Amino acid sequence: MALLQKIKSFLLDTLLSTRWRSWLRLQKENFLRAVFESYEVSFVKEGSEFQLHIEDPLAESWYVDHVASEEEEVYPADLKFLEQHSLQKGALVFNAGSHQCVPALFMAEIIGGKGQVVAVEANPFNADVARSNKVLNGAENLHVVHAAVSNRDGTAHFLPAGNGFVVEEGFPGAVEVPSVTIDRLRQSYGHPDLVYIDVEGHEYEALQGARETMRNAADFFVEVHIDCGLERSERGVQDIMSLFDDQSFELYAYNPEWGWTGNFVALDRQQIPGERFFLAAIHTKETSEKT
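Be aware that the sequence shown starts at 0, since it is given in numbering that gives the first Met the number 0, and climbs by one per residue.
Hints in this document: simulated from the structure, not taken from any laboratory. Any given hint could turn out to be false.
[To be verified] Quick list of in silico lysine to aspartate or glutamate cross-link-like pairs, EDC-like style, CA-CA up to 16 Å:
hint, residue 1, residue 2
1, K27, E45
2, K44, E72
3, K113, E139
4, K79, E45
[As the list claims (entries may be wrong)] With beta-carbon atoms standing in for the labels, derived distance ranges:
hint, residue 1, residue 2, range
5, Q50, G89, 20 to 28 Å
6, S241, Y188, 39 to 47 Å
7, S37, E139, 23 to 31 Å
A quick note: this is a predicted structure, and the numbers were derived from the prediction, not measured. We treat Cβ as the ideally placed atom computed from N, Cα and C, and that holds for glycine.
Produce the complete structure using the sequences and hints provided.
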């Protein structure tokens, strides 16, 4: 009897662990994606029409039920704020963790034909849909790269469940994908005006790979995944903020709960937010070495 109880406890602990819960979620999503009937949707933001391939239930919940149905036909608060800074006509933008390229499409429209958006996405499925969305919208200034943005170039292990996230080798259901640093992207595409990061808890590692870029007057936007991904990292919010030295960057914060059209506020470095938030690090140098 005691042996049966031990086996039962072991099985429950295994199934309820983060690793195996994530694996079970992946299996569920794979099934739902397989039976999903894809379609296209169109909507208008600030006078520009966008079209999207909807290929899975998660994209439908985000982009049809939320983005495409917003009563305000304006870009979201983060892009409106960044338009006051480096998100300008002709800008070069790196979008790390671009999902299916919806924010990337918005940014590509804002910066115009003389600008470029380099959208980097680790999930193979999302990268394929992103390429389809690029073609569907005729976004010639949008470049899709299949890779995980991290602190080293080479390969990474990635679990394509939910939004997807970088994991250690041997994690159930993980796939091996290329990995690239922001500094490597800089070498390949040129110095960015803006680096837009949404990497599901891998924020610190992504910024570690951007040391040279930080020293050369780029603005950064980072979605900080407190309690929804950041707990997987050995680094916390203070570590992320500390990478932006106070002589070079002014920090601003925005809580997504404030709504589509809320405002960013100046962030006191001594007051650490306690829930998921958007961090904007605006470079204060008037001159730079964009080499």
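State, for the Cβ atoms of S37 and E139, whether the hinted interval 23 to 31 Å holds or is violated. 24 Å, holds
Please check whether Q50 and G89 have a Cβ separation lying inside 20 to 28 Å. The hint (20 to 28 Å, Cβ to Cβ) holds, given that Q50 and G89 are roughly 25 Å apart.
Sort out whether E139 lies within 16 Å of K113, counting only the CA atoms. 10 Å, holds
Is K27 close enough to E45, meaning Cα to Cα at most 16 Å? Answer violated: K27 to E45 is near 37 Å, above 16 Å.
Holds or violated: K44 to E72, with C-alpha atoms at most 16 Å apart: 5 Å, holds
Does the hinted range 39 to 47 Å hold for S241 and Y188 at CB? 27 Å Cβ-Cβ, so the 39 to 47 Å window is violated.
K79 and E45: Cα distance at most 16 Å? 11 Å, holds
Violated hints, listed in ascending order, are 1 and 6; each of the other numbered hints is respected by the structure.
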